[in-house]
Amino acid sequence: MHLVVCAKQIPDPETPASAFRIDAATNRVVPAPGLPLVLSQFDGIAAEAALRIKEGGTGHKITVISLGEEQAAAAIKQVLAMGADEGVLLRDAAFEDGDSHTTATALAAAIRKLGDVDVVCCGRQAADWDMGQVGLILAELLDWPVAPLAQSVEAVAGGVRVRRGVGDGFETIETSTPAVVTVSNELGTPRYPRLPQIMAAAKKPIVTWGATDLGLDPAKLGAAGRRLVLERLALPTKGGNVRLIEGDTPAEQAAALVAQLRADRVL
Amino acid sequence: MPRNVLVVGELNDGAPSATTRELLGAACGIAASGEVGVVLLGAGASAAAPACAGATRAYTSDDAEYDAFRGDQWLRAIVAALDLGDADLVLIAQSTAGRELGPRLAQRRGTAVAMDCTQVVDDGGTWRATRPAYGGNAIATYTFATRPAIATVRPKSFAAVEGDGPATITALPGAGESRTRIVSREPAAAEGLRLEDARVVVSGGRGLGAADGFALLQQLVDTIGRDRAVLGASRAAVDLGWCAQSMQVGLTGRVVAPDLYIAVGISGASQHMSGCSGARTIIAINRDADASIMDFARYGVIGDYKQIVPELIAALRGG
Ligand SMILES: Cc1cc2nc3c(=O)[nH]c(=O)nc-3n(C[C@H](O)[C@H](O)[C@H](O)COP(=O)(O)OP(=O)(O)OC[C@H]3O[C@@H](n4cnc5c(N)ncnc54)[C@H](O)[C@@H]3O)c2cc1C
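Residue numbers (this note's numbering), protein chains in the order written: chain R, 1 to 267; chain C, 1 to 319.
Excised from the complex, chain R in its bound form (with noise of 0.2 angstroms):
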């Protein structure tokens, strides 16, 4: 089986609000000082998604794909150390400032050309803009099944088995292959790189492909080619104004909350 797992790279989405700031001229997140940019957590349990399959039987080969700038390549190194067999990083002025659409218009178009892959690994959502797009989109494009939220995946005869949360309760679904599944964190921590990984990880093949490459029109692409178009990006206002119950000890601070929720009638 042949396996592509989609990795975006991102600010580290668990940077405190108090270090989070914004370029307002260019509604960008300035990435904190010294914290790097890290692969998108969803992505990297994409990745384990899809090693688990490779694992669990013989000749099967993992591409990871990222859309990006040159450092993206980081991102596509982390999942060959994690195991991934080869990368391909999607790099062209005209992929930039897209929507979700004009990334999963670049990534099908990288995986037609790749050309015999059987499923799609992408995270349930970046962890920068939240969306939780591409992997639908991408599975819309391809004209294939998609199978989302997956907390487990497993490789059946002529197709993939996956395990979803819905509402309160569970699903175990099928769907022939070639599909897309998109994979929620529930499924398990992503696998750890040890030293060996990486420095084997360095040998591992990693192509670059422009939009010239892919076939594709700069005009559908990147910000000439986005439908939903990002007008303002700001800080959100909070509340700020915690009142901090007193008290010299546990009883006293309880005695505190419990008459003042009694006095707000809360409680």
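Some hints here could point you the wrong way.
In the SDA-like style, the derived pairs of lysine to any residue whose C-alpha atoms are separated by at most 20 angstroms in a straight line are [said to hold, decoys possible]: (1) Lys220/R / Ala133/C; (2) Lys238/R / Ala133/C; (3) Lys61/R / Ala202/R; (4) Lys238/R / Ser277/C; (5) Lys238/R / Asp290/C; (6) Lys220/R / Gly110/C.
Here are some of the chain R residues that sit facing chain C, going by a computed Cβ distance under 7 angstroms [as the list claims (entries may be wrong)]: (7) Thr58; (8) Pro145; (9) Leu233.
Stretch by stretch, here's where chain C covers chain R in the computed footprint (C-beta under 8 angstroms, at least three residues) [to be verified]: (10) 82-89; (11) 223-229.
Simulated from the structure, these hints should not be mistaken for lab results. Predicted, not measured: the structure shown is a model, and the values here were computed from it. Even glycine gets a Cβ: it sits at the ideal position worked out from N, Cα and C.
Add chain C with the ligand to chain R, keeping to what the hints say.
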């Protein structure tokens, strides 16, 4: 200016879900004198249509094949409803179904969707959708270059409206094929109050230190009353295996807006607060007075929860 809005509804025990009624409330505010359509799919859909206050028109299919959501089937029905009406805006819940439907529908119609919106306005012909990004650290506003505009809407962002249901009901075709097949379903044991319906939510995080911390929080819930209080959790607590995933509150969990939210050993990461910042009163019990949760909380109790929570239970019982 009148606008036509189509709401993709969801049924819950044969009635329009709470979020569906919120979407209809939002649609009424936006549509002016335009049409508000609602799509309802599954057994009992046409019987449930009159309960869709605010809708002028319903598109329904009672085919029970629609009951267990499958995107392939629902998409065809929604596309059929769009072909019948002339929607300027489509509103979908940010639910398990909506997370799948939004992007797929946008692509099928050659347009775009803004996900998890907390506000959608018609600004003299320009649709503006506002939504949290970067886990809630930023607020992003988008416009659409294509029509119709589509937005999935965060639960509890709009108020439902009272009033009449739809005057006309148009039948949609039955479900047809799906490329995904449901092998099995495990409904959660339906015990007690749903998180979204509780008036008090007591959530535990990594600061509980161990799974048995939730047993203490359950005692607090029992003291407040199981008829109005339930347990919730942060993702850290879920990922540590201390509690069920269905208890997770936040961006990738559930959205609650209770009268009272008690966060115990939770630092207040923006992704967690995305699921509870609509609470009327937030209490943070945390040993760190500088934790981000204090930016959101009305009251902070600083100390070790293991000492504070038992005293809180005693104080509540005493009064
Ligand atoms: C894309 C994305 C989506 C996410 N979605 C969600 C989501 O839906 N929900 C969610 O919750 N998180 C989500 N997260 C994770 C989120 O960023 C945080 O990592 C998580 O919420 C932290 O959980 P926590 O507050 O329990 O743990 P921590 O951040 O570790 O905080 C523990 C707190 O406990 C306090 N504490 C420790 N010991 C005690 C004690 N004895 N008594 C009292 N207080 C104590 C500490 O002072 C600290 O404030 C998401 C992250 C990403 C990137």
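| message | Of the numbered hints stated earlier in the document, which are not met by this structure? | response | Structure breaks hints 1, 7, 10.
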